[in-house]
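**Q** With this note's numbering applied, the sequence shown covers 11 to 147.
Distance windows between CB atoms, simulated:
#1 E29 - P110: 29 to 35 Å
#2 G18 - P110: 27 to 33 Å
#3 H131 - D53: 27 to 33 Å
#4 E114 - A135: 27 to 33 Å
#5 Q30 - D73: 26 to 32 Å
#6 D90 - D15: 17 to 23 Å
#7 E102 - V71: 17 to 23 Å
#8 G101 - D61: 29 to 35 Å
In short, the hints are calculated from the structure, not lab data. Even glycine gets a Cβ: it sits at the ideal position worked out from N, Cα and C.
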Amino acid sequence: MPQPDFFGFLAQAVEALKEQAPFAYRRFHAQFAPLRACLSPGDDTRTVWLDGDRLAIRDGVHDAAVRARFELATIDDLVDGRLTLLDALIGERLWLSGRPEHVERFFDAFTTFIIGSMRSHKMQALMAAFRGHRQPD
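All chains, full assembly: derive it from the sequences and hints.
**A** Quick look at the structure:
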């Protein structure tokens with residue numbers, strides 16, 4: 011079974027947010043733009059940041075202000091509303107590290123991203139395709 015491409019999905023999701031929920035995208039951009047975040051879904055680790063209006067992605071850890079570690083199932087539960095960010099942190103399904111002000115900024119940006127995604131019809135199709143790659147044959 012092919013590995014799902016979380017980072018490809020994430021880049022497409024940011025574009026969908028920009029196109030279909032511009033107010034949420036502008037807020038997300040303002041919150042996230044100053045940061046570099048190292049994301050580790052499972053064993054894959056990459057650094058992401060906003061380079062102008064696009065999401066830049068680079069393998070490994072590169073000057074990341076925030077590190078986030080999680081499993082892909084956590085993303086499903088967050089997007090579907092079965093789990094809040096706070097519950098993910100308390101339940102140790104999402105681990106964040108960094109300076110408090112950077113973690114707070116990342117948390118706010120991630121919350122804006124999740125809420126804004128609910129307004130994007132394209133996001134539903136992206137999530138379905140992304141989940142489809144993880145289903146057993």
